[in-house]
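In order, the protein sequences belong to chains P and V.
In terms of our numbering, the first sequence opens at residue -13 and continues consecutively.
In terms of our numbering, the second sequence opens at residue -18 and continues consecutively.
Note that these hints are calculated values from the structure, not bench results.
Reference excerpt, derived from the structure (chain V facing chain P, CB under 10 Å, subset only):
no.	residue
1	135
2	136
3	137
4	140
5	142
6	143
7	145
8	146
9	147
10	149
11	150
12	151
13	153
14	154
Label-pair restraints from in silico Cβ distances:
no.	chain 1	residue 1	chain 2	residue 2	range
15	V	92	P	323	33 to 41 Å
16	V	83	P	330	32 to 40 Å
17	P	310	V	154	39 to 47 Å
18	P	330	V	10	48 to 56 Å
19	P	52	V	56	20 to 28 Å
Over 12 Å on every C-beta distance to chain V, these chain P residues come out as not near it, computed from the model:
no.	residue
20	234
21	320
22	326
23	330
Backbone N, C-alpha and C fix where the C-beta goes; we use that ideal spot for every residue, glycine too.
Okay, here's what each chain looks like letter by letter:
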Amino acid sequence: MAIAEFLLFVLTTTLGGMFLCGANDLITIFVAPECFSLCSYLLSGYTKKDVRSNEATTKYLLMGGASSSILVHEIELQEIVNGLINTQMYNSPGISIALIFITVGIGFKLFPGPSHQWTPDLYEGMLHSWFSSFRDYECNRSIRRQKDHPKMIISWLLRTNQIRWFFFSIFLTCSYGTKVEKIEKNQSFTTTDEGFLEKLRIIIAFLSVTSKVAASASATRIFYIPFYFSSNEWHILLEILAILSMILGNLIAITQTSMKRMLAYSSIGQIGYVIIGIIVGDSNGGYASMITYMLFYISMNLGTFACIVLFGGLPPLAGFFGKLHLFWCGWQVGLYFLVSIGLLTSVVSIYYYLKIIKLLMTGRNQEITPHVRNYKRSPLRSTNSIELSILFFQN
Amino acid sequence: MDLPGPIHDFLLVFLGSGLILGGLGVVLRINPIYSAFSLGLVLVCISLFYILTNYHFVATAKLLIYVGAINVLILFVVMFMNSSEYYKDFNPWTIGNGLTSLVCTSILVSLISTILDTSWYGIIWTTRSNQIIEQDLIGNSQQIGIHLATDFFLPFEFISIILLVALIGAIDVTLQ
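So that you can see chain V by itself, here it is in the shape it has in the complex (with noise of 0.2 Å):
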């Protein structure tokens, strides 16, 4: 179930825009709190860009996740900081800063080389006709579930021993 043309290039361009926007707003503004909420955005952003692709599940995995939990808690981090020390020595340009964009500017430019040099159609019609025709009429969500319920049923039931002692230790450590 794809979007139809115009609306799909409307918020790929809406949602980019808000990206670069947001990530723009993280690295640069100086009030570590706009920063975080900046985060916020970028993390909604990439989560709605899984729309356009059509994963719906992960699409809400992702705000959940990301926006709910993860930015949440970079917030919580954020507001124990003194945020007024930061205003009176800040120096935007330094060799750490310098050195940092010239690492990201060469990864994005070879990104984009690479996406540019691969042939994206003869893989996309690889796949597709790899798979079988049943597994069109089952949904997103019940396919992850069915997946989850038989080939990676034991990473599955792992996880939930990772989370009961990640709950312990964290009692634990924080115990006095």
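In isolation and in its complexed conformation, chain P is listed as follows (with noise of 0.2 Å):
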């Protein structure tokens, strides 16, 4: 379980979400997405000695591997379309064969609807080891000192860090637009040994967010470019993965009882709004405003899962612009079907984030209320930027 191995993972699990977002031809839309995953299962089977972290890994790892085989079953098909649309043959039944067949594949690295059955078991595995440990250090009050506290340790690595994975996101996003194909990743880690790995576990939930913007990115491209002229199909199959999505992980995320389940859910949800983004395309600026909706995401789901206990009430504020913005984007072209599902959907996510809140204000814990206060002004900073940014984008 050595540092350096758990590094390599991280760098080469990024290196393969920004050649997908930089792909130009289909081999590299399948080789990369296979480092991707292929890491990520390495990182999230990371802590052999807890069992729940091998199942999640186990099950990630299944359902990667059939995902992948029928990626490059579509890869296949993709090209023989190719073949079929030199000689004008638009109409084939091929060309629908190789657009489920992607859907599918892309699906499931984005978890839209139907494939969603793995991430909530892989956050409740990989989560459950960083929640162990936070655990046993808190029950030994005697020889812990106030200033290794955990939590204040992961809120000041927070702060310090976070604007600079805020702008290394915004890189991963950004290169789908300028194709961008490596960067350095800048992080200084605290170097006691001791709370090191704990501290690393943040860097796993790092991964929920990079897998989807990845996909996200590479879906655009896939579903604009080859898949022209039968647009009227994909608009379609989206449609139903966006309101799958949408329905099922809100609607699933107020029953669950367990915190991680339920950020897994709610980011089964997340996607659903995404997708619209992706559907709207182009000529409205939607793609413009998917990209700023995953910047929120990014920022919120970083915060969220680093601080799982530290919630606050950033999600529905700083998400609520680029939800705005992507529903508006919806309106304009007529998806109202969609928008309509999408606003049902928003203020039922809006309950289980206030559960969460009550949860906070009126806790067990008492002694977490001090680290919200001092949480709270970072947030503060961070929607600054955001909102920064989006006058950015726009303009």
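Dock the two chains into a complex; use the hints.
Here it is as structure tokens:
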């Protein structure tokens, strides 16, 4: 369980995501998610001693392997389709079969509606090891000194590194537009060996975000460029996926008792909103709205997973602008049904976010609340930078 | 360099029957080691099909990779299992089997109807006329090498990184 391999896997994951965003041909669109998924399996199974993380890894690996094989067949079909398009057979069933395959293949990586089974188990398994070490540390009050307290260190880590992670994720999403292939990731870790691995668990949460970003960036390119002639078909497919994921994610999240699974289901719902942005497409700024929503999603999720008890009031406020822009673009294009379902499910999502906040304020652990006050200062700073970036993008 | 007619037809029938027999053997045999060996037969027949379609490189590559690596891995895994347990409670027909056979039969029927409905001659002659004449003088393997070194160089090098990470990951996960 050395640190060197951990860092290698994280860096190679991001490399895979970058290549996916900057892919120009179908081979890279297959090879890059392969690299990304492989490193994600290795990262999620990193704590070998914890059985739950092993379970999560096995599920993730099996589903990932199956979807990679579907994607490979899709790539093969896509080449055939290119040949068919050369001979001007636009209406053959081969094109629709290729379309279905690639939607399933990409759909796994993004986890919208039907392929979401592995997500909550994965998050629960990965973060379980973090929480168990967290709890053990807290129970040994006698040997713990205040400045080594993990919560303080983690909140400090977030406050200093949050801006760097934010810019790094901006680069990740902008690599779709500008094709930046490689980037140096500068992070400084605190060097106490005891709590070192526990702090690195935050980066595992990074996985959940990067996979979404990379997969949605590739989905926009794939659905718009090769499948241009059959745009009606994939509009219908993506609409069904978006509706399913929004409804499923938000409704099931209400009934969850474990916070990690609730966050996993809420992230499934978020992907539904992102898919609306993909459907809207290039004409009315749909892609721009999708990118801005992804930025919100990134900062929200990074903050969430890393300080999971310090949720705060951040998501309904900052994410609101992103959702507004998304729904506005969707309404302009004419997807009335989709946007109305999105509005309904947003209301539902506010319900379970507020449930978390209520648990915070009237919660069992009274000593969390000073940290809430400490933490609320930094999300305000990040919302300012987010709004600046919105203005920048829209101009 | 196409194969002459009778050899072509004989190989087609021979490999096709071997494929069907192997497939049935994989699914219907009780002992998992026998079904793994039948899978080997299926993969060999699929690889040899590519000789009929004049792609010798792909045939050899499939033989090496599928039969030589993947099937061997499957056999390793199967040999770890205790196969004597399978004889006790063997129920040949469950509801899951029925559903799967229904789905597979529908896929088969749709594939056959699609293949019979498309006009393959039109596609083949259109794509053949698009190729440059020089490409026929270079062999298939050389063309693959040229494309790997020029057009697909970046994914090719990226795959080497994937292999490196897979090696390190395999050792890291299994190291005590």
